[in-house]
Amino acid sequence: MLEKTGVPTQSEIESVFPSDERLSKGPVAVIECFQSIPCDPCATACPRGAILPFADINDRPVIDNDKCNGCILCMTKCPGLAIMVVDITWSQDRALIKMPYEFRPLPDVGQTVQALDREGTVVAEAEVIRVQYNKSMNKVPIVSIAVDKQLVKTIRNIRTICDTPTTATHTAIQEEAQDTGIVCRCNDLQLAEIRALIAKGYTTIAELKQMARLGMGPCQGRNCLPVVVNELSRALGVPVAELPVGSFRPMVKSIYLGDLAGYEEQGEN
Amino acid sequence: MIHIDLLIVGAGPAGLMAAKEAGTAGANVLLLERSHVPGGQLVKQTHMFFGSEEQYASYRGFDISEILLDEIKKLPNVKLALNATALAVYDDGIWAAEMDGASYTKILPKAVIIATGAGEKSLAFPGNDLPGVYGAGAVQTLMNQYGIKPANRVVMLGAGNIGLIVSYQLLQAGVEVLAVCDGSPRIGGYLVHAAKLRRMGVPILTSHSVKQAAGQGRLETVVLWELDKAWQGIPGTEKVYRADVLCVAVGLSPLSELLRQAGCEMVYVNTLGGYVPYRDSFLATSRENIFVAGDVAGIEEASSAMVEGRLAGLSAAKFLGLSTPDFNAKRNDCMTQLESLRSGHAGERILSGLAQAVIGS
Amino acid sequence: MVKTADIVIVGGGISGVSIGYFLLKYGAKNVVIIERDFLASGATGRCGAGIRQQWGSPLNCIMSKFSCEFFETAVDELGFDGDIEFHQGGYMMLVTTEKELAQTKKNVALQNSLGIGTKLITPSEAKALAGPLNTEGLLAATFHDRDGHLNPFTTTRAFADAFVRLGGKVYTNTSITGIRTSNGKITGVDTNRGSIATNTVVNAAGGYVQNIADMVGIELPLYSKRHNILVTEPVERVLGPMLMSFSLNFYCQQTPHGSFLMGRTCPDQPRDLRITADSRFPVAMAKTIVKVLPQLKNLRMLRQWAGLYNMSPDNHPIYDQVPGLEGFYLSAGYSGHGFMMSPATGQSMAELILGLPATLPWGQLGFSRFTEGNTIHEPSVV
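Residue numbers (our numbering), protein chains in the order written: chain A, 3 to 271; chain B, -18 to 342; chain C, 207 to 588.
What the hints contain is simulated information worked out from the structure, not anything from laboratory work. You may find that some hints are simply not true.
[Unchecked claim] Covered stretches of chain A (in silico footprint by chain C; criterion: 3 or more residues with CB under 8 Å from a CB of chain C, positions within the stretch not fixed):
(1) 207 to 216
(2) 219 to 227
(3) 242 to 254
[As the list claims (entries may be wrong)] Derived, one-sided and incomplete: chain C residues facing chain A with beta-carbon distance under 10 Å:
(4) 279
(5) 281
(6) 357
(7) 441
(8) 444
(9) 485
(10) 488
(11) 497
(12) 508
(13) 511
Virtual Cβ for every residue (Gly too), placed ideally from N, Cα, C.
Looking at chain A on its own, in the form it has when it is part of the complex (with noise of 0.2 Å):
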């Protein structure tokens, strides 16, 4: 599901939370790095070690919950922002959490703002607490807000300026049944113009360069020939690396032919 939505799901959150035990016990950090990518900076940003080493630099993160305290080093490092802290010791009936939050204006301490859930929805108000942001941080502010406990797995985002979202209409738009799309923008060429020569038997980029001007003009086939190589190797089912490509010729950028008569070298003829 976490690829194909973007979200994390219940067993997956489950899976790097902290125990109850734990969460009772004080502030700790929860990582929700739920794939293997090529990054490691929370490996070396924990002062504490509480971050255990990387083996690899694909490892996801583990933490020794018993060496975290709860401080916001991590937070900084991490480039994905995918570490948060919470504290439901930190009263009575309310949690705290720390998130980083990269937008501005940033809250003011004492403001209600909407505290929403991992899919953007709003599920409660929140309170905050605390915003840091000095120079040692990385550029990354770290909001502190308090929620209700019973919210602690839920809460996973703040939005300070509250308004609705606009979702999608299903009212249908009239179609331009002449307009393919563009590929080649110099020469105006569209989709089905391409797709009509190829369908001719010009099936080499050579040809159809000469057949409909494609990829000769100022861009010098940077926008189209990545787009018409695909169309070929589906019309031709043959790989596009069997496909020959043509020539590529000077210039990269096109050049005013008074530029090139005022340029002087010796023994130029």
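Chain A is fixed; fit chains B and C onto it per the hints.
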């Protein structure tokens, strides 16, 4: 005619690292950057980098660019030319470039590193030439480099890392992101990026693509629809969004024209983004004095590009006879880092691609 | 693929398809064209495609007049369902030296005597016909309004389509790998897709004719050299005639698409079949053209490319059976004019191969002219 040891084309993460490494080894380097600022994509990358400490993980792209630039500035034998575009390679080994205010200058380098990066792929669909249909890179440039809010309401096409990251940055800029869609049944980018969007309330529609973009004179409406297993649209599944920008992030394609012009042997490798040069494991192409690094050698992350840049810088220095005593240690370090960056699940595609493009050693 | 053929033509450029068409038109059967890549993939697809009748030798005048008149009605004659884009905006030859002027006057007289209506015009008349022209340093010009230029790709298709409609067979992506002979006679060809038994092979392989001749151990008195062209971005039409000058060393046309296409003869061009990019050409070309057409300094060059001129010792083609090998015909050595002369090439080769009476003076274009001292002088070649 400019005579130089090493010409490096592109001052992105790969080119900057290459210049630093070859410059440190003593090569006279000319580093061409077509933009007015060095750093390539780094300058508009406001997010923290993945990877490891050696590749500046946790730093934001624009900060890394500054760090690398500071290193380059310490090397008097490295000249960085801005607003400088390589224009051509001729059969006599002469290169032409627009640089130093001159529209056309000839350069005869002893060695060359191509670090031109990648360009965005386009997609053909009805209405794809309406104003408001932009590449994600363009949107990111407007927003992060020039501070211009590029849109009010955006639909993002593509759930790879670029689509996900740019969507998030659009949200940061106060733009409403109506949906992120991707033709693939799975999210292609890092799931932590996807999670960041989802918890902001942005839907991610996998197995969906654009059916049509429409509007009077500019984009007003985007129609998405669900795709079947053969990637064909399913009638009746249309969703209509009123958007002023449709952002296209359907992948990158290596900018390899100069390699083609130079006569380097090329191969099409889908998992590397398109046509890439055959190269050995130390990044030498089939033309003995031409090396490659970064996305032009195959689309990967900026972290790999930086290490490749360093490796190509070392290889070019060695080719120029400028081998330093710690050459082997440095090269081994690069190889180890690359191996590590490509070792995980995400690296499988890259490795399978490299298996088709890397020959000899 | 067919197993036998009466005639196998090697090369699917403009000459090969024209020869094929004229052979079938005059009654040949079972004619096959073998093209190693695709039609017009060699020099044809890279050429300037200018069509002129302004020459200094009677032979070239006659051959080019025949060709130009053919192109005027080619769409109908060939039954083509497309456009060969014959832009008859005329050809204007610019004269800048006294010596050139003297030769030009002779040429115009010759052309007029052969029914070609070229006019010698003043610089101001030239300016009236070609608005952007800088007439500084111009002594005179010649103009013939029926000259012009064509689209080489669609023109090749027009011939090829007619050839196929008349029963010819075209095999593209097919390479000749060997030529079979027996007792001094052609017996067949081998290709990467099979062999064809035949007694007649026409070598029309353009820049690569020697590679084909090598298969039967014959050395031709020809060589191929690189010729460079560049093209600009398209703009609205501002130039009607195709411009050319021997003394200024250039030709330039504005294509129907709007782009300006131009070339010149460059020194020290490789003769090893390379068609790579010359580093000296774009600057030299630009310097020339902005003098002649100053407005073009504000036009951007998009691309340069190169193709092969197959050169003969006297800059005229060879249309002949190769001495010592019966059934092996050669049509090559056009020296840069193969495209514009292609109808004459087809007509001549068909007459030669089929033993028809000669309606064109191709008899002068055999191998024997080199051994018998009858080479042809053409004073008007770029």
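Here is what the structure says about each hint:
Counting residues of the region 207 to 216 of chain A whose CB lies closer than 8 Å to any CB of chain C gives 5, which reaches the minimum of 3, so the coverage claim holds. Evaluation of the coverage hint for the region 219 to 227 of chain A: fulfilled, as 3 residues show C-beta separations to chain C shorter than 8 Å, against a requirement of three. Given a C-beta distance limit of less than 8 Å, the hint that chain C covers the region 242 to 254 of chain A holds, as 4 residues qualify and 3 suffice. This hint is violated: residue 279 of chain C has a C-beta 23 Å from the nearest C-beta of chain A, more than the 10 Å allowed.
Look at residue 281 of chain C: its Cβ only gets to about 17 Å from chain A, farther than 10 Å, so that hint breaks. With its C-beta approaching chain A no nearer than about 9 Å, residue 357 of chain C sits inside the 10 Å limit, and its interface hint holds. At its closest, the beta carbon of residue 441 of chain C sits 12 Å from a beta carbon of chain A; the interface hint therefore is violated under the 10 Å criterion. Interface restraint check for residue 444 of chain C: the shortest CB-CB distance to chain A comes to about 14 Å, outside 10 Å, so the restraint is violated.
With a least beta-carbon distance of about 9 Å to chain A, the hint placing residue 485 of chain C at the interface is held under the 10 Å criterion. Given hint, residue 488 of chain C at the interface with chain A, holds; its Cβ is 5 Å from that chain's nearest Cβ, closer than 10 Å. With a cut of 10 Å, the hint placing residue 497 of chain C at the interface with chain A holds, because the nearest CB-to-CB distance is about 8 Å. The beta carbon of residue 508 of chain C comes within 5 Å of a beta carbon in chain A, closer than 10 Å, and the hint placing it at the interface holds.
With 10 Å as the threshold, the beta carbon of residue 511 of chain C comes within range of chain A, its nearest partner Cβ sitting at about 5 Å, so the hint holds.
Checked against the numbered hints given earlier, the structure breaks hints 4, 5, 7 and 8 and satisfies all the rest.
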